[in-house]
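Protein chains in written order, with our numbering: chain A, 7 to 590; chain B, 75 to 193.
None of these hints come from the bench; they were simulated from the model. All values derive from a computational prediction rather than experimental measurement. Every residue, glycine too, gets a C-beta built ideally from N, C-alpha and C. Treat the hints with caution; some may be incorrect.
Which bits of chain B does chain A cover? Going by a derived footprint, with three or more residues having C-beta under 8 Å, they are [what the hints assert, rightly or not]:
(1) 78-88
(2) 174-188
Just a few of them, taken from the derived set where beta-carbon distance is under 10 Å, the chain A residues facing chain B [what the hints assert, rightly or not]:
(3) HIS365
(4) ILE367
(5) PRO370
(6) LEU371
(7) LYS377
(8) GLY379
(9) LEU380
(10) LEU384
(11) LEU386
(12) LEU405
(13) VAL408
(14) THR409
(15) LYS416
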Amino acid sequence: MSFLNKIKPEFWDHRLFASGPYGSQFNFRRTWYAAVFVTSAVVLAPLMFMAVMDYRATRHDVETDILLRTSRLVSNTRRTLSYFLNERKSALDFVVHDNNFTLNVNPKRMEQVLENLKKSYGGFTDLGCIDHLGIQCVYAGPYNLIGKDYSDQEWYQQAVKRGEYISDVFRGFRHVPHIVIAVKYYPSEGGFFRVLRATLDTGKFNDLLSDLEVDGHGDAFIINHEGVLQTPTRSHGKVLERITLPIPDFAPETRVFEWETKKGIPLVIGYRYITGTPFILMVVKHKQELMKAWYNTRKELIGFLAISVAFILFVILWGATYLVNRIFQSDQKLIVSLHQVEYTNKMASIGRLAAGVAHEINNPLAIINEKAGLMKDLFLFKEEYKQNDMLMRLLDSILGSVTRCGRITKRLLGFARHMDVSVQSINLEEVVREVLGFLNKEAEYRSIQISIEIAENLPNIDTDAGRLQQVILNIINNAFAAMENNGHLRVKASMADKNNIVLIISDTGCGISESDIKRVFEPFFSTKTGKGGTGLGLSITYGLVEQLGGIIDVTSEVNRGTTFTITLPLAIKEKEMKNSCEYS
Amino acid sequence: MRVLLVDDEQELVETLAERLGIRGIEARWATNGDAALELIDQEDFNLAVLDVKIPGINGINLRKMIKEKCPQMKFIFMTGHGSQDDFAAGSAETGVDYYLLKPVTIDELLHKMNELMKK
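Okay, chain B solo, but in the shape it has when bound (with noise of 0.2 Å):
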């Protein structure tokens, strides 16, 4: 399983992938958008974990350009702000895209991707 990471906070993303990497998952992430679009250019991913306030193209944005390029990529939010706009995207497409509010834990995070990877 090959898992992008995008959230504008880097100190974040780069624990996470290396946590991840530790757990037999290779994770590679980004801090915009713009460099998320690059490495999806470069390299296959089966699932992207996206924040839903990144500068540039924000997460919603940046889902609907991910699944032009890639139809089979399921994605998993992660945020911060519990607003109504939040739950408006996790709700979105019910089943496909899973919500989490920030901070999570890695044992949340791996079931909520195996669950996904399952479907």
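Excised from the complex, chain A in its bound form (with noise of 0.2 Å):
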């Protein structure tokens, strides 16, 4: 909290002083709020706008290109593993057509021929003759397999409708996974069709798709039509067992698509069917993985995002609240000068208004006393009225009661008399007497003590004896308000140095809290709200006292009194005295 009142600006628990048709203007913390507001909305909207379209830009690149490789490689999978199937089957073709294999063929020859195959295109296991019963006739190979029925085999029946058939990986009589190529032929004797059949090696099949490198722990393996695993997978099943993702529909060409596990990982995968092969080529690769260099550079964009806009957010506040508090502080500045300027006019207005009706009253005043005069001159020349005490009292009654009255205008025609702002030398202790007697009566009603101690031979000052007047005025005031009856006003004046002189006003008044003392030179602070108090007194004060060029100090105790220090130059230069009557 005391990090945020260092911080806060100036106007921002700034009180709402003016009203009328304006009074919103004077609302300096809603000027910062829009200042602010539309400056930030001006600036981030743009950038945040841009920061979208590059992100969602970018993202889509990504993963178009990831879409694209994966596609790429599926395909060039696919050409591998067709050539790698129709080599051997086209090497089956070459084999029955070339050879001119009869209907008992020889085993050994047979026998040969696997041995070239083997050694020309590696992958096959064994090699057979089957009937047109379904029966194998003819074997070279490992297993014994002489005899076998395979008649209501799936591979022998396709093979013998077609003319040719690739079977997916089964395990069939040798209970070990292969595939077999079949190649339907007549035997140049004539007589019944026969079928050669190779089976293939799944290990060399299987090296195929194993040796490919799959990035974002992708995995390349095979499945039939049915979704049966064909060749073994790294997180996928193993050989011969349903894959868990879909099997994709079917399409002439390489297709990749996105999908979702169950536990909501995403996957990018990608197929081909493989014509003339009940395979189907699929790639799958974890799409996190992928977009890990996505997330990098998401990372940094975002990073980079959040560092600008913090920047320009501290800018723009920054920004606001300086120009905002500067507007505060000539606007306040402006309205101490104006308030200056209505209370100089003021106090000149009455000071006009005293000396016409000081002079008005003066000359029946004189009337007065030449009539009351001369009725007591005649009055003493005749001695009947002479001895008679009581007319006497009453002519000397009314020849005082005009003194006093002379006494009042007096000082009324002295007091406008030091409205004019000019230089003059003065005598502290008859201006400091001046001020009091307007306030005698006052004082005597609420039984208040005032105590004069002006030094012994306390020069006199060339000042403006009008701002003085007012400087103590306002202070003596003051002093009246915060003190109860009883009170004790002392007003002490004595030189501070060779140049100086010092006036020291203190009350036994209630005193000021140490919080709001800091405060009391501040214009419209007031403890008397709602007593009528402008909380300008004390401001205009300090500000009649720097013009005098001198400095005003307070120090008080609450429920003790309060001391004004008033330190002045002996004379003020009136360079200084013009260039502070702009002002006022």
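With the hints as a guide, bring both chains together as one complex.
Structural data, given as structure tokens:
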């Protein structure tokens, strides 16, 4: 909280004092809000818009790139696989057409062919010939499969029907996963067809896929049209198990789609149906892994954005606070100046009014004085009246009252005289007594004791008597307001140093609290709120003392009293005076 | 001692002249500058008591005009006004002209007159 208080600008807690149609213009906090909001909106909106657009575009590019790369990998792998299978199928084709297979082919010849195939192509396990009844009649290979009946096997039926067939992976009689490539042919000597069958070792087939380097913890494998795994996978099941992923719809070309597992892991799946085979090549990648690079970029982007926004906001807040505070301060100065002008004008008007009244009253007063004086003169010469004490007392009372009225008008004239702005040599004691003269009656009513202690031989000071009079009047008025009846007002004056005198005015009033004392000279600061205090008296006093080239200071103790100390130069510089008078 | 009193308030100068008369001082009065100059032409005076603000010729100008006619004449100013101008008039020839603020007691006036005549 204390930190906030420290950085809080002056205008923040400023009370709204202006009213009328333009009152709202003095709500500085609102001006600050408006400035901050509008500037932030104008600056941040385009920045955020650009950032979001850039974010979306980059993300889109990254995603497109991932899909394209997957698609490319699928296409290339499909080509390899097709080539692998077609190559072997073509080899079998060549064997049946070129080797002039007869009905009863020599098993030795068969073994030789198998050996050649193994050497040239690799991947072949065995080779056999099945007759038109589905019985294996010739066989070359590691298993003993002569005489086995294949007539009810799918691959056999399909080969008979279509002329050639590549099977999916199955265990068959040997209970080992393998692929069958079968080619139907007619022996050269005529008669029933035969089917040449070769089994492919799935190891070689698997190697094709396991050697692939798939990014993003990816997996490349083959399934058949029923979704049964044909090759081993890293994380999607074992060979001949059903995959947990969906079986993709048929499409003649490579396709890539996104899919989410039950656990919510997003996957990128690319697939391709391999024509002429029951195989579907699938490449599965973890999207999160692929997006890792993008996440780093995104982190940087957001970090940069956050720093930019923070910096912009800081500049906006600082700028708005600085500007509004400057406006506030100059406004305050202007208001104080205006009030000072108003105050000075008011005092000048009162001065003129007082002078006018005094003059108008002085003439009739002089007539009363002379008439009563003449009456007394006449009575003094006539013995019969001379003895009349009562008449003499009445006349003396009239003359005494006239003298009293004369004193009042003289004081009024003195007050009026000082309203003119001018530097003159004055006696401080006279000015103090003149001011106190106005308050004598109140002091008497309220039993306020006034003591004046002016140092002897205090030289006259060259200053503006009118301003000094106002300063003393304001402070003494405040002292009177602060004191209860039976208070004590003390006015002291002495030399401060050889160029300055010090005037100390202390009262035994209610005092000013420590928190308020720093603010007493601020305009509109008043503890007399609601009691007619404008909160301007002391700020004007402060301004006036400054104009006189002096310093005013205050010390106070709650319930003990307040002391104002005014230090004034013995001679005020005319130049200073003129400059300061521009305000008033 | 012959005294000339000039003030626009007739009642004032009239009464004052009478009071001075009682005290053995011969005093004549006028309520404006022209009348005052006329009296100067007709009679001799040692001292003039002038108001600063009188209709027609004001007190300060009247003093100059009288001074031209009678260089030996002494002056006392008496005014109900206390502005700077009045003081300026009073201090124009300090020690020669006296300045008194209305209302003036007869003793004060006599004291000033005697003081001035002694010079």
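Here's how the hints hold up against the structure:
no.	hint	verdict
1	78-88	holds (count 3)
2	174-188	holds (count 6)
3	HIS365	holds, 5 Å
4	ILE367	holds, 8 Å
5	PRO370	holds, 8 Å
6	LEU371	holds, 5 Å
7	LYS377	holds, 6 Å
8	GLY379	holds, 5 Å
9	LEU380	holds, 5 Å
10	LEU384	holds, 8 Å
11	LEU386	holds, 9 Å
12	LEU405	holds, 8 Å
13	VAL408	holds, 6 Å
14	THR409	holds, 7 Å
15	LYS416	holds, 6 Å
Every hint from the earlier list agrees with this structure, and none is contradicted.
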